[in-house]
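2 protein chains.
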Amino acid sequence: MYIGIDLGGMSIKAGLVNEAYKIVATKTMPTGAERHGDEIAKDMAKLALELAEENGYKMQDIKAVGVGCPGACNSKTGICAFSANINFKDTHICEIITKELGVPAYLGNDANVAAFGEYKVINEEMESMLFVTLGTGVGGGIILNGKIYEGFNGVGAEIGHIQVDKNSENKCGCGRYGCWETEASVSALIRETKKAIEANPDCAMAKSVEGDLSRVNGRTSFDAAKAGDAVAQKIVDAFIKAVGEGVCSMINIFQPEVLLIGGAISKEGDYLLDPIRKLAETDTYKHNGVHTRIAAAQLGNDAGIIGAALLGE
Amino acid sequence: MYIGIDLGGMSIKAGLVNEAYKIVATKTMPTGAERHGDEIAKDMAKLALELAEENGYKMQDIKAVGVGCPGACNSKTGICAFSANINFKDTHICEIITKELGVPAYLGNDANVAAFGEYKVINEEMESMLFVTLGTGVGGGIILNGKIYEGFNGVGAEIGHIQVDKNSENKCGCGRYGCWETEASVSALIRETKKAIEANPDCAMAKSVEGDLSRVNGRTSFDAAKAGDAVAQKIVDAFIKAVGEGVCSMINIFQPEVLLIGGAISKEGDYLLDPIRKLAETDTYKHNGVHTRIAAAQLGNDAGIIGAALLGE
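Line by line, the protein sequences give chains A and B. With the numbering used here, letter number 162 in the first sequence gets 1152, and the count goes up by one each step, no holes. With the numbering used here, letter number 288 in the second sequence gets 1278, and the count goes up by one each step, no holes.
By construction, these hints were calculated from the structure, which means they are not laboratory data. Among the hints, erroneous ones may be present.
Stated by the list, open to error - Just the calculated beta-carbon pair ranges, DEER-fashion: (1) D1051(B) x Q1050(A): 34 to 40 Å; (2) Q1050(B) x N1135(A): 30 to 36 Å; (3) E1200(B) x E1159(A): 36 to 42 Å; (4) A1217(B) x K1066(A): 45 to 51 Å.
Unchecked claim - Subject to a maximum C-alpha distance of 35 Å in a straight line, what follows is the list of computed DSBU-like cross-link-like pairs (lysine-lysine): (5) K1066(A) x K1197(B); (6) K1048(B) x K1066(A); (7) K1110(A) x K1137(B); (8) K1276(B) x K1079(A).
To be verified - Rough simulated footprint, nothing fancy, chain A against chain B, three-plus residues with beta-carbon under 8 Å: (9) 1147–1154; (10) 1245–1259.
For glycine and all other residues, C-beta sits at the position ideal for the given N, C-alpha and C.
Looking at chain A on its own, in the form it has when it is part of the complex (with noise of 0.2 Å):
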């Protein structure tokens, strides 16, 4: 049995996890991403602890405890360097999750632990796997030969923080203009799904909302292109352009055995993957019909608690 724990700046998510790789209990508790880092790092062990003792497990019977952290976490080390939304500084988590604990502990950033999740329930023989996230913004994580990459410094497969439009005027977060992720995260989406409400106000999307932007959301769009209206239909097409320009740009550089796409919209399944699918035709290199093979994440939210429970299998 491991346990996978999944930080965010709310909530401590921790998860029982078996050999199957099944999530057989869970506890949560929430994040106070305020406090002193080592807090935090000792309020997991705790939350760990008592998810392991409430379902009838001690310690001994935890091969190994994980983590999946936002920020610049370097698993080599155990140390998050630091996170935007947690008050960690160079936080030696796994120590003091071992020293709490008695067991080995494992850290990784929380999108790349999520994509390992998805690579092992696939459970195949691959030289590698990208994971891209659909969400506030475009995340990721490069799984190669079996192990995570997170660069040097533990900051690497910020997929999403490539610049596709170099004459955008999205600013992005990270502060560049016209990233992958200001033109094909779920945020992009709406950005423009309310843009193309408030330019056409009697269209059907409009009154799906009853021309109420703040109902606006990921789904509005698909959801009112499928039902036949036009304007939908626009935005619902550039935005699968946009993720699935992005996605040729990676098959470039990686050639991956397997590309997954994930976030709630990849529910979409073959509606959002086929037109990818079929751009990847044209605007990648390949040969012999030897390319990369596009499919939808599976475990939705569990893959951050399954991927850190993993890490130490």
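We have chain A; now place chain B onto it with these hints.
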């Protein structure tokens, strides 16, 4: 002693490379790129043999023969699946060379192999290195943990083919628009230099080529800018920015320990590199000052031969 072969569309260049990673002798012959691929492979073996014998070596003295070849090369199988300019179709290059010479043979894509040569001569422990070469196109190579990264199908590391300007009117050789290659290659620099001369026929840069666009090359704008021409300075600044923006995207993905910039233009040294380093300070993720070292490549045209030779080290 090793033999490295730098195969191009026009010529086959072979070099004897010693244990200190130096080329001690070379020999060249025409490629005859339209011939059957097997014949070209046999000629590479023949050239290697002649080179060895003319310099007093027997094949037993040669530890390995390596080939850097344009196109889709699978280093594991030693097969070149295809090459745009050479008549290879699933050509078993390594098998043919080993059969002819009785020594181990190795194969890699030409840009990847050049990257490997640059990596080897740095001769430092490093986790990761990216090589970006600015020429007719933007090529590159990725070295991770001392090994060439080529993707699962041998066509990876096409880092010049990330889209950086999705609305660009510049069509790339790969079929896409606005690839990094269309914005930051020497071809792009020459294109923009010509445009500027046409638009400003009285500028010093225009006078430097006597208004003759056929005399424009990759140095024209750099030379005129250094001599104080404002028109040229604008072209140079935009070019360096285009290089730098792509470099920042690559750093955000890979966070490599070292990023080398090669191609003839890298002789501009810090004049080219300092603005890129400055951009990387603001436009990439990093922490605690631990960030990628950006430097000029060292080997120039020798990188291909040296890298190929050392594939078998």
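Hint check:
The supplied range of 34 to 40 Å is broken by D1051(B) and Q1050(A), whose beta-carbon atoms lie about 59 Å from each other. Between Q1050(B) and N1135(A), the C-beta spacing of about 35 Å keeps the proposed range 30 to 36 Å intact. Remark: the range hint 36 to 42 Å for E1200(B) to E1159(A) is upheld by a beta-carbon distance near 41 Å. For A1217(B) and K1066(A), the Cβ-Cβ distance of about 50 Å falls inside the hinted range of 45 to 51 Å, so the restraint holds.
Taking the CA atoms of K1066(A) and K1197(B), the gap is near 58 Å; set against the 35 Å cutoff, the hint is violated. For the given pair, K1048(B) sits about 46 Å from K1066(A) by alpha-carbon distance, which is inconsistent with the 35 Å threshold. For the hint linking K1110(A) to K1137(B), the alpha-carbon distance of about 24 Å falls within 35 Å, and the restraint holds. Between the alpha carbons of K1276(B) and K1079(A) the distance comes to roughly 14 Å, so the proposed pair stays at or under 35 Å and holds.
A count of 7 residues in the segment 1147–1154 of chain B with a Cβ less than 8 Å from any Cβ of chain A is obtained; the coverage claim is therefore met, three being the minimum. Counting residues of the segment 1245–1259 of chain B whose CB lies closer than 8 Å to any CB of chain A gives 3, which reaches the minimum of 3, so the coverage claim holds.
In this structure, the hints that do not hold are numbers 1, 5 and 6, in rising order.
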